[in-house]
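Here the structure of chain A is known, so what remains is to put chain B in place on it, guided by the hints.
So the sequence lines, in the order shown, correspond to chains A and B.
Heads up, the first sequence is in numbering that gives the first Met the number 0, so the first residue is 0 and it goes up one at a time.
Heads up, the second sequence is in numbering that gives the first Met the number 0, so the first residue is 0 and it goes up one at a time.
Possibly wrong hints are sitting among the right ones.
Same chains, same names: a pair is fine if it fits in one copy or spans any two.
[Unchecked claim] Derived SDA-like pairs (lysine to any residue); straight-line CA-CA distance at most 20 Å: (1) Lys76 with Gly26; (2) Lys76 with Gln52; (3) Lys76 with Thr14; (4) Lys171 with Ala39; (5) Lys76 with Tyr54; (6) Lys82 with Gly51; (7) Lys156 with Ser102; (8) Lys148 with Asn178; (9) Lys82 with Gly26; (10) Lys76 with Pro13; (11) Lys148 with Pro177.
Honestly, the hints are just simulated from the structure, not real lab data.
There are 2 protein chains.
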Amino acid sequence: MDSTPASAAQDFEPTVRTRIKRLHERGHYDRKTVTEILDAGLVCHVGYVIGGQPYVTATAYWREGNRVYWHGSSASKMLRHLKGGVEVCFTVSLLDGLVLARSGFHSSINYRSVMALGTARLVADRDEKLAALTAFSDRLTPGRWEELKPPSEQELKATTVITLELDEVVAKVRTGPPNDDEEDLDLPVWAGVVPVATTLGEAEADPVLSPDIPAPDYLGQITIG
Amino acid sequence: MDSTPASAAQDFEPTVRTRIKRLHERGHYDRKTVTEILDAGLVCHVGYVIGGQPYVTATAYWREGNRVYWHGSSASKMLRHLKGGVEVCFTVSLLDGLVLARSGFHSSINYRSVMALGTARLVADRDEKLAALTAFSDRLTPGRWEELKPPSEQELKATTVITLELDEVVAKVRTGPPNDDEEDLDLPVWAGVVPVATTLGEAEADPVLSPDIPAPDYLGQITIG
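Just chain A, with the same shape it has in the complex:
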């Protein structure tokens, strides 16, 4: 981890690539907004280029300090390509509501999103990789990592972990009711917001799980979105 406590406390500077021009009030560059969105999400969409063609892959991610991480099998195309160190766009978006205005033009969605640009690199060091995977488990299910079978050296080798330092970053957020034109407010049409949330259902035990093993407490403490 080469992030320092100092850099992790600073806000982000808008760049020509991350400055929001249209609806600029939706853009946020402060550390707190970015961190809260990243820590709420579970799935990111990573964009990368192979031979001029963009690819976008959805994958689970997590944050530690000033870095985000994602992982997968060493064999997957995305990770095979990225581990050389390549330019990526890392995007997290959380859908919060449908904004139904009195005109189609002003109808919208409420959301929280983060876009981070930079060079992703492979986490090559075995101990750093193990620490990152532990952090991922702890983010979702605190305490579970200690219960699991520890990863074998072969499993560690077969798992690629990729990281991106948070440097060129922007958050975009829309909240609140529709913003209809003043002259439309008396139209006889319903307007408002339908909230959207990510919810967790009741845990389903593996059919081959021994009935002697109770559902652990951390199952009720998972939060996403």
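Here is chain B on its own, set in the frame of chain A:
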């Protein structure tokens, strides 16, 4: 719309860019699987390249026949860039569950995803644009479009609609319980799936909405995810 009923009924052919090699049992190329995922989602992530840098933008989308559509202000960077007709990667991913295995290595997520590659083009024709926007409203809130203030010519002009024909497409799906190694099945650790769903909350009327306007039936019929 240049898609024909014939092409819209055919399955997709895997290409070198869309053939799933690792965990190939998760890959699907049949029309039904692809269509069901696209029609369940609301937000896509579109990848595109500007000056070698990949960008990934989340935006609402909809499907009509053999095409997907997305839209926004004509002023937005993404759409300004895409309307020339550019290579994109259109990805939709729906999170269905957390798969907690007896090892970190086999822990996973359940999901449905679609990736479509191709050249996105601007919907320039006014009537085609209006038809596409109507279809988007109908997908979410059937019947609402007729209640709304019709879009002005200025609003139509200020709205860019982008489309991608479904041609090079792959769906990826994971379902079911963990796939632990045989020798790990007796470990004293809970294993199973925590289902994840997208849920809609109770509609919140615009604070300035007249109390005489009741909540319409379509609010209870919206489905996402």
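Do the hints match the structure? See the list:
| no. | hint | verdict |
| --- | --- | --- |
| 1 | Lys76 with Gly26 | between (33 Å within a copy, 14 Å between copies) |
| 2 | Lys76 with Gln52 | both (14 Å within a copy, 19 Å between copies) |
| 3 | Lys76 with Thr14 | between (30 Å within a copy, 14 Å between copies) |
| 4 | Lys171 with Ala39 | within (14 Å within a copy, 24 Å between copies) |
| 5 | Lys76 with Tyr54 | both (10 Å within a copy, 19 Å between copies) |
| 6 | Lys82 with Gly51 | both (18 Å within a copy, 18 Å between copies) |
| 7 | Lys156 with Ser102 | between (55 Å within a copy, 15 Å between copies) |
| 8 | Lys148 with Asn178 | between (53 Å within a copy, 14 Å between copies) |
| 9 | Lys82 with Gly26 | neither (31 Å within a copy, 24 Å between copies) |
| 10 | Lys76 with Pro13 | between (32 Å within a copy, 15 Å between copies) |
| 11 | Lys148 with Pro177 | between (50 Å within a copy, 14 Å between copies) |
This entry does not satisfy hint 9, going by the numbered hints stated previously; all others are met.
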